[in-house]
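> Position chain B against the provided structure of chain A, taking the given hints into account.
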Amino acid sequence: MNIQPFSLLVASLCGYVIGAAGSLLFMRREKLANVFSFGVASLSALGGLLAALAFLSAGPGAAVSKIDLLPSFIPYIQFTVRLDPLGAFFLLIVSLLGVALSIYSLGYARGFYGRKNVGVLGAFFNLLLLATTVVFLAGNAFFFLIAWEIMALTAYCLVSFEHEKVETRNAGVLFFIMSHVGTGCLILGFLLLFQASGSYDFDGFHLLGDTMSPGKRDAAFLLFLAGFGVKAGIVPLHIWLPAAHPVAPSNVSALMSGVIIKTGIYGMTRVLFDFLGTPPNWWGVTVLSIGTVSAVLGVLYALMEHDLKRLLAYHSIENIGIILMGLGASLMFLHSGHAVLASLALIAGLYHTINHAVFKALLFLGAGAVLHATHTRNMEEMGGLAKRMRWTAFFFLVGAVAISALPPLNGFVSEWLTYQSLLQGFGTTTSLVRIMFPISGAMLALTGALAAACFVKAFGITFLAQPRSDHAANAHEASFTMLLGQGILTVACVFLGLFPSIFLKWLDPVTQQLSGQQISAQLSAANGLALSNTAAQGGTVSMLGLALLGLSLLAAPLVLWLLFSTRAKIRRGPTWDCGLRGLTPQMEYTATGFSKPIRMIFKALFRPRREVQREYDFSPYFTTTLRFESHVEEVFQTRIYRPLNRLVLGASRRLRALQAGSIQAYLIYIFITLLLLLLFAL
Amino acid sequence: MNFDALNILLQTILLMLLAPLLSGCIRNWKAKLQNRRGARIWQPYSDLIKFFRKDMVISEHASWIFSYAPYVVFITALVAGLLVPMITVQAPMSLFGDVLALVGLLALGRFFLALGGLDPGSAFGGMGSSREMTIAAIAEPAMMLAIFTVAISAGSTDISHIVQVAQSPAWKVLNPTHVMAFAALFIVLLAETGRIPVDNPSTHLELTMIHEAMLLEYSGRYLALMEWGASIKQLVLMTLLVNIFFPIGMATDTTPAALGIGALVYAGKLILIAAAVVVVETTNAKLRLFRVPDLLGAAFVLGALALLSTFLFQ
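Order-wise, the sequence lines are chains A and B.
Under the working numbering, the first residue of the first sequence carries the number 1, and numbering increases by one thereafter.
Under the working numbering, the first residue of the second sequence carries the number 683, and numbering increases by one thereafter.
If we strip away everything but chain A, and leave its shape as in the complex, we get (with noise of 0.2 Å):
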């Protein structure tokens, strides 16, 4: 029986590859290239997701399954494919979000014919997920470290796909140094795992961190912190993402904020749940303390951007913040010994995880629509998009109230969850330290009330009042295809958010594997309908009571209507415009203006800086010509990445003296170095 999801699995592996074979093979046929490129993606994720359902809903019983995907000659390295609980969430996410991207996709490639390659598109978008997959299924340290690399290096290619713009160049090459970066602290990482194993399986790895010494546990600790944490866009160590993202295709876009980012997080609840063994207090204080930090840092720096797809890409960081909270605070109840509440603070993180998945990758699939539409990612240029594009609207505005951490959809239940962990954190200890929990607590609150607030402005702007500009009085519906796609990320968003019960059921395997309980039975309570927090009279909520509760409120107002206002006409008239001669889309609101106030609250943070020209006739009050600038640079480009940058060109312009080019010189380097290595081995 459980063979069956395994077969599954490695057919749609099969699937990818020839996806990315055909459309190869079909480049110079564009239609043909598309259609069975993203039409085979499309099926093979499919494959994932079933396989990936069939293993969670079998409970926690399924057995592990391995296989050798191809033979190897090398000794250390086994190409094995694992399929474990924690692998298996993770494929959900990839497979879920790899079916509706490539739906998706086929409407919104069709973009680029005549202009770029679909082709290559294809085969890139196929391989990335192929890659994408096997980091989650790998059960050895090489092979993970051999589809990490094919993952960054496919993803550097599709975000230097319109490699015509400057700006795309240098976000892809800015994407490839930050990524090697991190590949080379979790090479030093694994190395230090093989130390104490002697063998680069993970099987060998479980639990491996209580075997080895502390100090070369928590040297690991920080290696595999810092080279997950590049991928995963935690700050300090976020800023390619934000360059990155948004030059990318769309579709790209979606799965890069999607899945690619979350291959991070998948890494450290892998080192840190399954490798390292019980963590000593302080790991714990330091995830929770990063993800505090990144989530407000991320949101704030979302409110500061007008361009769309940038904006999104600064709420990855903001939503990767809220995730490492929940592992932080789990990782601090291990620690202290409470294994229930571990489980609740880490299915509070992966639920997120999913639901970040979820709404970014629709925010992002609505985000190319509009793009494609208008032709520009500067929402200053958008406006009334709302009546042009109906449905494209709707599915942004599930996406915005969903990533806003709104009932009832699914980005509230998780963050309930992160807040319900993070409360009875408070009582598991009497240390100084239990006064994180509410703070972070109280700076989440602070991430959502802002997320709302640059979600009320990213919506507003793109999509209501006049057209800002001609690009937008004249944007049309996106495709049918394009549409399916959003509507099926909608339709997860809705039922992540309404029926929980049946989710958390899933995701029991994975905290038995982790932390040795199953608590989907504690958190449900009214027969599934409500959510509880595992606490006897603790709190509930239930999202499906709220809404219906909701719904059936409506009679209300219709009552009222019945009473009063049936003789009430509707007319449609101008917005007032004080009375001038009609109101024109330069008077309205704009992204930046809306986002003023935040500008000059957090100036200390920001540092605006401001240009101003103007020029007038006889007053000052009859200006003839206005120029307004306003920047606002983060203060990690240029208090640690410029300074840095500095240091290393300089420190590169005098080695440039050992290079003068006499083979002599370079024969007396190498006899020293031999020496060194000589005199090291003695």
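Quick list of simulated restraints, FRET-style, between CB atoms: (1) B:Ile695 - A:Arg567: 22 to 28 Å; (2) B:Leu692 - A:Arg567: 26 to 32 Å; (3) A:Gly215 - B:Leu990: 32 to 38 Å; (4) B:His886 - A:Arg567: 25 to 31 Å; (5) A:Arg614 - B:Arg973: 24 to 30 Å; (6) A:Ile502 - B:Gly720: 54 to 60 Å; (7) A:Pro643 - B:Ser884: 49 to 55 Å.
To be clear about the criterion: a stretch of chain A counts as covered by chain B if any three or more of its residues have a C-beta under 8 Å from a C-beta of chain B, and this derived list gives those stretches: (8) 376-387; (9) 435-441; (10) 447-457; (11) 551-561; (12) 597-606.
Lysine-lysine pairs mimicking BS3-like chemistry, simulated, CA-CA at most 30 Å apart: (13) A:Lys387 - A:Lys596; (14) A:Lys569 - B:Lys732; (15) A:Lys505 - A:Lys66; (16) A:Lys603 - B:Lys968; (17) B:Lys732 - B:Lys714; (18) B:Lys736 - A:Lys387; (19) A:Lys569 - B:Lys736; (20) B:Lys968 - B:Lys712; (21) B:Lys968 - A:Lys596.
The hints are simulated quantities; they were obtained by calculation from the structure and are not laboratory data.
Here a beta-carbon is modelled for each residue, glycine too, at the ideal position from N, C-alpha and C.
Structure of chain B alone, referenced to chain A:
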């Protein structure tokens, strides 16, 4: 189950009927305190009925969001109200949501209110939305800290359970922790309900409006729903404040005597907190927009102190 349905219906009607009266009282007393005669306390009811009867003018720039927003604002306030115990200690719908859900529902209403303000494309609406979301964002952490303090001392986020714990003799009303948390929540209440010194509910000076600016393009029954929703939200927040911190006299069973006492005490508590708001509104001037963060920052510090003081007094 039968009783539950009745309970829900009664509380819904109570929320809808009491909210305009509370607004009317505050307005009337404020006028009295400022040596004006003021409108009758029943005036808001007449206003609402008049709005419902009137024709509507909807901006031609607005989309479907504009028409759905009033319903969302009204319904979320009402659902939030059903999560709060008013006269009895058990709220009718406490299974469906705790205090975090209440905050979330009010935030959902605010989200659509702000979108409704942006939709017609007028600069006033945009200004109102921008300021409303900003103030809400800095009020939220203070509110959460105060709520956490109470939730931690009660060991639950379920409002009915918090109120029941507060009934026990071990709960001290004048515990410094609770006093500071109450002060923090009171400041947040002023901000959330658009009161002086944060916003002026009776202003028509364009540059100082926040809440009114977002409603500028609404008319007819949409305006009625918006105004009514805002007053229900005010009632819900005030009820939350008085019943969490002063749960005296609430009915623990459903005998007529207990319910009668509960209703009287509830009315008394509402009158007191409304009077406090009236005094604050009359004795203070509206703050400049960029001074508001200082006030809410003070609320945040109070909340944090309340939390820290749990170390000292427990």
